[in-house]
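The lines below spell out each chain.
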Amino acid sequence: MWSFFHKLGSPPWLYAISGKILQWLLPVTLLLLAVGAVWGLLYAPADFRQGNSYRIIFVHVPASVVALAGYYVMATAGAISLIWKMKMADVAMRSCAPIGAALTFLALLSGAVWGKPTWGTWWIWDARVTSMLVLFFLYVGVISLYEAFDNEVAAARACAVLSLVGTVNIPIIYKSVDWWYSLHQPASIKFTEESSMHSDMLAPLLLMIVAFYCLFICSLLLYMRGEILRREGTTHWVRKLLLDAGDAHAV
Amino acid sequence: MQFDSLAAALAMNGHGGYVWSVYLIAALVVVFLLLGPVLRSRRIMLERLGQLRREQAAQNKEVPLASGS
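Read top to bottom, the protein sequences are chains A and B.
Heads up, the first sequence is in this note's numbering, so the first residue is -8 and it goes up one at a time.
Heads up, the second sequence is in this note's numbering, so the first residue is 894 and it goes up one at a time.
Since the hints were derived computationally from the structure, they do not count as laboratory data.
A short, non-exhaustive set of chain B residues, derived as facing chain A with CB atoms under 7 Å: (1) VAL912; (2) SER934; (3) MET938.
Values in this document were obtained by computation on a predicted structure and should not be read as measured data.
Think of the CB as a built atom: it goes at the ideal place given N, C-alpha and C, for glycine as much as any other residue.
Just chain B, same shape as in the assembly:
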């Protein structure tokens, strides 16, 4: 390792603020790129699943009415 202590690694001879902030932003971008599409897919799936269940429920209601008449 290039640094003697954690404090030295954080300080990086005065450049720590620049370097660590870039890595933090990069981590946030990685999370956005991987979690963003997963959450979007999940939202689309749940919306479509809700529609399908409503359609199925409507169909199930219609069947006894049709057989009763």
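The following block holds chain A by itself, in its conformation from the complex:
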């Protein structure tokens, strides 16, 4: 366990293992996304109340779920970076921010488009929607804070603090539909009781959630690899890697 933790802190090991994982995870992710999208768009039955507009759920819910989970990953990496000063945790934190921002943007936009035919409006300032907007600003805040500092150590510390403080927003997002009854419907998937969705709709939704989690992992590894190369550019192993790649490309 501890040796694995130590290995995670090693940039060359992380760069090599991420390349091996991506070799099979990337095609699996694309396949899951394609199957889930086609299933949700064309084969899942229409909703008796919302008709076909509910098919937006197969993008909206996975994007929202993974945007929230991504924040936990970013905050955990921030805590590790702050406590143990682990460079790779900082790399993970920085890499989470653009992915989380993109997924939150997708969740907000798909929610707005879904809102028009079902609620009759693109936007409402209810608790769930507003707290998701705050999540988007938190992700953008972390990205901006990194850019604002010249000193990378100070930037990492400030971003870790911001991401840890921002975790207070996550339970608010989760519980907002229960605490404040508004236009946004309560959760359809429940762990403690039976889901309110029919299995013909639930199956493609769960598949898309898995696909979006895989997408998050793939994108995180890809961003981390770039960040590792940027930070480790002057080290011997990156020099060798680049010169070997350059020679192979030249041949």
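Mind docking chain B on chain A? Use the hints.
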């Protein structure tokens, strides 16, 4: 399949514009999340490789001068 024809699948009883536009935006986000970091890594690699080649070229120039003197 839930639709009789391609036209029916595109129209989705009047909801096609909403549904298809969301899936199109989702596809663009997927491309951004996968292609964005790849292009960034490629740019970093090319910049660093250029620096390394320039350093190597400078070193190769210095060697004959040193041996000649």
